[in-house]
Every structure is written in C-alpha cells, then in structure tokens.
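**Q** One-letter residues, chain by chain:
Protein chains: 2
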Amino acid sequence: MSESLLTPLALESGSKIVLLVLDGLGDLPHPEHRNQTPLEAARTPNLDRIAPQAAQGRLTPVSPGITPGSGPGHLGLFGYDPLTFTVGRGVLEALGAGIPLQPGDVAARANFCTVDGSGVVTDRRAGRIPSETCAKLVARLAQDASRFEDVEVVLQAGKGHRFVAVLRGPGLGGEVSDADPHKEGKPIPEARAVVEGPGNEKTARIVNAFVAKAHEVLGAESPANAAMARGLSARPRFPGYRELYRLRAAAIAAYPMYRGVAELAGMDRFVPDGEGATEAIATAKAHWNDFDYFFLHVKGTDMAGEDGNFDAKVAVIEAVDAALPDLLALAPDVLCITGDHSTPVLMKGHSWHPVPVFVHGRMCFADGFPRFHEKAARGGSLGTLASRDLIAVLLANAGRLDKYGA
Amino acid sequence: MSESLLTPLALESGSKIVLLVLDGLGDLPHPEHRNQTPLEAARTPNLDRIAPQAAQGRLTPVSPGITPGSGPGHLGLFGYDPLTFTVGRGVLEALGAGIPLQPGDVAARANFCTVDGSGVVTDRRAGRIPSETCAKLVARLAQDASRFEDVEVVLQAGKGHRFVAVLRGPGLGGEVSDADPHKEGKPIPEARAVVEGPGNEKTARIVNAFVAKAHEVLGAESPANAAMARGLSARPRFPGYRELYRLRAAAIAAYPMYRGVAELAGMDRFVPDGEGATEAIATAKAHWNDFDYFFLHVKGTDMAGEDGNFDAKVAVIEAVDAALPDLLALAPDVLCITGDHSTPVLMKGHSWHPVPVFVHGRMCFADGFPRFHEKAARGGSLGTLASRDLIAVLLANAGRLDKYGA
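So the protein lines, in turn, are chains E and S. Going by my numbering, 84 is the number at position 84 of the first sequence; the sequence numbering is gapless. Going by my numbering, 230 is the number at position 230 of the second sequence; the sequence numbering is gapless.
Some clues are possibly wrong.
[As the list claims (entries may be wrong)] Below, computed lysine-lysine pairings styled on DSBU-like, alpha-carbon distance capped at 35 Å:
(1) E:Lys-159 to E:Lys-348
(2) E:Lys-16 to S:Lys-403
(3) S:Lys-403 to E:Lys-136
(4) S:Lys-375 to S:Lys-348
(5) E:Lys-299 to E:Lys-159
(6) E:Lys-285 to E:Lys-348
(7) S:Lys-285 to E:Lys-183
(8) S:Lys-403 to E:Lys-186
(9) E:Lys-348 to S:Lys-285
(10) E:Lys-348 to E:Lys-183
(11) S:Lys-375 to E:Lys-348
(12) E:Lys-375 to E:Lys-348
(13) E:Lys-213 to E:Lys-136
(14) S:Lys-375 to E:Lys-375
Keep in mind that the hints were calculated from the coordinates and are not lab data.
Work out the full structure, taking the sequences as your base and the hints as a guide.
**A** Here is the structure:
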C-alpha cells in the first residue's frame, strides 16, 4: 500500500541512506542483568555521541502480537507489507541456501527419508544422516535425477537430511501441494496443483517424477532410500527499489538469506569479508558512489538472542558501536539502526515485541535522548510505526519525497 | 483481518489468560481532584505490587475520536473489528435484556405509543407510562400477539414505555426498515425489506402483523394504545474463540448485555453472585480448570463515570484492587486489566479517549513503572493499539501464537 503512495512522490537526490539492521535487536529487560536489555547494558560511546541528535521510536514488524520470521521481518523493513508480499517456504529456503533464483523458478524444501517395501515412510529424517552423507546423495541425484521434460532440477545439500530443490524451466506454477505425508506411517503423496492450471500441473508432474526417480536411484541406500518435497513456491515478482523509490540499492550481508530477500526488492547483493559490522561497512565504503541506499545486515545479535546469551548479545552490539565511526566517516545523510524483529535473550527465539529504531539525519527531530535502547525508544518522536512505513520516513529524511497534494 | 492472520498461527497450550474489564475505566485528569484521574487517585497497593513487572499501553476501541457503545467496545477487546463485526440495535437490546438469542432470531427495540383515531402517532412515549404498566401491557401482548404464521414473538418488558421483541421462526431476514415514524404527527409506517428477499419480506410481514395486532389488542388502552418496532436485526454469526484461537473461553459478568456480546464470540456465560470483582473472581476460580480464557466484567466504574461521581469511581477501582490477590492466587499466565472505553467523570458519558491497558506476564516487557494509570500508560511499551489487536498480544504473551513466515 505504502509503495503506491510513495512512488509518484519519489524524488531523485544525491542523498544517501544507510539501513543498519542488527538482526533480532529488540530485547526484554533481563532480571539477572539489572533489568536492563542488552542494548541498554552495552557500552556504546559512539552511538551515545550521536544519540541526542537522533529520533527514536519502535517498529511493529507485521502486526501487534505477531512474531515474524526473517523473511517477513526484512520485507517489512524494506517497505513491503509482509501480509501482502509473501514469500513461500521453498523460496526462502533456496534464498537461505544461496541459490540465486531466476524469475519463473519454483523452489522446494526437500529431505531424504526412509520408506519400507510398500512405499510407506518409516522415518521422515532418514535416521538423521550426517551432512556429508546428504551431500553425497544430493550429488547422486544431481547426476541421475536433475532433468525432467524441459525442466532442470537444481539441487543443493543442506544440514543433515535436508536439501533444497529448485525447478527451472518454462511455464512452471508455484501452487502445488506437498509431496510429503508430514508424518510417518503413510506413503509419500503425489504433489497436486492446488489451483487448476497447466503451470501448476506441470510443476506437480515434475515433482512427482523427481520423487519417483529419487527412490529409483536411492533404492539400495540405507537409511536414506527416498526423498520428498514440500513448501513448493515460485519466486515472487515484487516491484523493486529503483522503480518504487528511484533508489539504487545495495544489500551487504554475510548470510545468503538476507541477500536473497533483498534481491527480491531489486537490490544489488554484496558479500562482505566477514560477519561483523566492520566488514559490512568496508564493503559499503567500496561501493559508496554507486548506490543511494545501503542495507547492512549483522547477524550476531539474533544468534546471541537465540542462544540465550546476554553477554554475547552485548558484545555484538559493542562491536557494532566500535565500527560506527567508519560508517559515520562516510557521512550518510540518513542513518537508521534497527532490527527486523526482537529476539529476547530470555525467550531464546524471535518474539512479537516492537523493535527499537534509531534515525539520524539533519531533520529527523532530535529527541535529545542520551542513549538508544528499548526503554528510551518507547518515548521517542517516531512513535510506534509499522515496519513497512519506515522506508517513507527514511526517504523523507533524505529529502527524497515530494509533498502529497497541493 | 487480524482473525484470519491469527487463526492459522494459534497454538494449543496449557496457559491461561484473564481479561479483567473495568467498564469505562479510562478517564481524564480532574481539576477538582489534583488533576488526577480516578485510576491515578485510587489506592491500589496490590496492583502497584505487580505494576513494575507489567507492560502498559493504551487501546483505541474503534478508531481515533470515535466514542464506542458497549457492543463495539467489547467486540474490539475480544478481537473483532467493530467496523466489520456489527451488531444491530435490536440484537444489542435483546442481549441487554438477557434474552438468549438463537441463530436465526431477529430482534427489535419496541415501545408503546399513543395514536389518534386516524392512526397518527401523537406521543412516541405513550405519556411515559411506568414500568409496571409496561409489564402488564407486554403480558397482554404475549397472550394475544405472540404468534404470526410459524413465527413466535418473544416479548420482554423494559423500562417505562420500552420493550424488546424477538421474532423466532424459520427463514427470517434481518434487513427490514423500522415500523416507527421516528417523530410524532405521522402514522406508523409499514416495515419493509430494505434488501429484497423472502427472508426480509417475511420479517416485514410479521412485524406489520404484530403492530396491527398490538393496536387491535391495546386499542382501548390509554395512553398506550399502540406499539412500534425499530432496529430490527438478526443475531449475527461470528466465528467463535474456539475456532479462531483454540481457546475455551468463559465470560463472567453480572449484566446480561456483556454476557450476550461474549456469547456472540462463542464464550460460555456465567453469572457471578454479585456485581464486584470479588464475585467475578470467585466464579473464575470455580471454573478455572475448564477454560483457557476468562473475561471478567465489572460494571461499577462505568456507572460511577456516568454519574459524574469521582469518588465512587475511585471506590470501585479500590474494591477491584482489594480483590486482586484472589485473582493472582489463581496464577494466570497472562493478566490483562483494561476498559472497553473511557467514561470520564467530567463528561458523565462514554468518550473517545484511549483506554489504559495493563498486561502482566512473564514475557510482557516489564515497563518498570510504579503504578498503572492513564498518564503512565502513555509511555508504556505496548504503545497505542487498536483494541482489536489486543487479543494477539494476549495470545502471544500466553505462548499461543506461532511464528509468521520463516
């Protein structure tokens, strides 16, 4: 919705926007850490120096109370309503595996399993085979089960029994049911078109042929003597940043999933030399003149939250703070620091809590707050926004949005 | 909208949610009471004890600036967008009168009036007859004007000239115009189907037959020699809490209207032994193991607000606080305290002001505030939410919502 409002208002400008995402940044006051959040407990002298001149607020990634996955979390930050712009499970898995998806591709989450003599699934995880075995078996399939009709099946091994399958060929549809019984004691069902049409029927046919061929190829293996596929979905076609906002956008992320989601928004992708903010900022510096908008992704905060490790989360935040002068030296017109969702240490997982957001720019409304953290952000001038509205605030602060109406 | 998002995410869990509604809780700073609100002025030691661990915020019942009636106010709290899930006036009147409505029932607000020899209404309130007269006349109609075709007309006397009529029978429609001229000096118009169709036409026919028969039965009475009906509406069919959220929900309210609205959400209804929080909590305790969600309604705050009685509103709040330990002893996983709307003492009526909301649970974001009231709630971590989004926050805090997207 916001994009149709913003597009006719978008202005060209020489200004530059940096969106620095600390994955899973938002947290809860921790009773064993003086009721502070990691962001509050961290020593952040560089951030503190610019905090009084920044505007603070909070972002609601999807809708109040909703805990987002990484896909919806980032799509929201990029300005796409995650309830409208949905990405299938297979596509997200392929993006996470770093498989570049082309328009028309259909992706699936796949895995090895064990079936008995009558085709009934007896172990959905094939005895949890090690990843090395998975890689070997995927190589076998790549040799003997990678082409059906005019469709290529691109395979990539994952962890344990998991792999990704991407169907690439003309006229494929993405609305196809799982070739996966979802429980043991049943045979692998045939994939079916869930919406009628030759594209979906073709995809179902190819998936069924792949599953049959995989069983034929792997039949003598034990325990991984078959394969199944689920979450079939077509790479979506979203309008990109250039056409929506006249922005040349760069995505800098060490993990393929985030580059992949950014690519759906039409961003150019870059792999930094390491996982930290230092490396991401160095990459931004190297391409500073070629882009108007830089999405920098730091994964460590989310990982520390998932691990329930307060000190580790603090350490990642402090490392980002240490790198901040390099970023400020580039003099972005607008610097935004936020997260795609909260990953509270206490919860060891994603959560629904609003995410603190920090916007620094000449006209941002300087809140005058001495520090940036969840508690300060409650009272910030940005208020509590839907994540999908952030892009408008960033464009406005960058002088890139014209007046609406006369 | 929220319900279609939440339903596929709803998880079973052993956790319990209590929604304690102090009707009309929200208020304004009162210049004659040190510019405090009643909630601020009340002594609430038990609430204060748990306040620092709770999250605060505010609820907008319908939309900013909109003053809700009790129906929309509660539907919002229950998660139903009051602009989409509407309840007709007749249905609300019947629920308020405690008439259990069955699917297919059509209800109307009715009243006695005076008509002259040519059928023109000369007094819409029949000289404001006393309630006892109304009861007697309703009994007459119940005897002589309670069956038309295959439709039963269930009648219940109200205050003064008012009564409720419920049409019960096969194939009735709810979209029918009023058999009420809305002013004096005009005859009672015939009810008409406002949307074509046999159901609405049947209802119109029955209503017109009832009005004619009532005049025939009452013709010799004075001043109440006729009756009219308005606000005709069918009992709506809303998806219930069990199918929407996998919640077994109980509604505990001394007043029938609130039990009635809760019943539209599929809640089981219980009448406590008294109007206070103590009795409501005792009822919750008696059924604690049978439900996942408890809606407890306390009416006194609204009544004191309507009366413009600051001290009375304070006293009701203090009585709720005194009962709070009994509720906390049940150890609900999530305790929410809020109102369905504001009823400021200064206004002696419902108002549009956001309503303070208090959510207590292990993962709620402990705001660290020493007390709960309108002023503190402005800066709380829940922010300002639409009432209809509250259910998502409660489910999330109860661990009853899965992640959205991967």
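**Q** Does each hint fit the structure? Answer for all of them.
**A** Now the hints, each set against the structure:
A threshold of 35 Å between alpha carbons decides the hint, and for Lys-159 (chain E) with Lys-348 (chain E) the separation of about 21 Å falls inside it, so the pair holds. A distance of roughly 34 Å separates the Cα atoms of Lys-16 (chain E) and Lys-403 (chain S); the hinted pair therefore holds under the 35 Å criterion. Between the alpha carbons of Lys-403 (chain S) and Lys-136 (chain E) the distance comes to roughly 33 Å, so the proposed pair stays at or under 35 Å and holds. For a cut-off of 35 Å, the pair hint linking Lys-375 (chain S) to Lys-348 (chain S) stands: about 20 Å separates their Cα positions.
Between Lys-299 (chain E) and Lys-159 (chain E) the CA atoms are separated by roughly 19 Å; this keeps the pair inside 35 Å, and the hint holds. Under the criterion of a C-alpha separation no larger than 35 Å, the hint pairing Lys-285 (chain E) with Lys-348 (chain E) is consistent with the structure, at around 34 Å. Distance check on the hinted pair: Lys-285 (chain S) and Lys-183 (chain E) sit about 39 Å apart at the alpha-carbon level, beyond 35 Å; violated. With a C-alpha separation of about 27 Å, the suggested pair Lys-403 (chain S) and Lys-186 (chain E) falls inside the 35 Å cut-off, and the hint holds.
The straight-line distance between the Cα atoms of Lys-348 (chain E) and Lys-285 (chain S) is roughly 33 Å, inside the 35 Å bound, and the hint therefore holds. Pair hint Lys-348 (chain E) plus Lys-183 (chain E) holds up; C-alpha atoms about 27 Å apart against a cutoff of 35 Å. A hinted pair counts as satisfied when its Cα atoms are at most 35 Å apart, and Lys-375 (chain S) with Lys-348 (chain E) qualifies at roughly 33 Å. The hinted pair formed by Lys-375 (chain E) and Lys-348 (chain E) meets the criterion: a straight-line CA distance of about 20 Å does not exceed 35 Å.
Pair hint Lys-213 (chain E) plus Lys-136 (chain E) holds up; C-alpha atoms about 16 Å apart against a cutoff of 35 Å. Restraint check: the Cα-Cα separation between Lys-375 (chain S) and Lys-375 (chain E) comes to about 16 Å, which is no more than 35 Å; the hinted pair holds.
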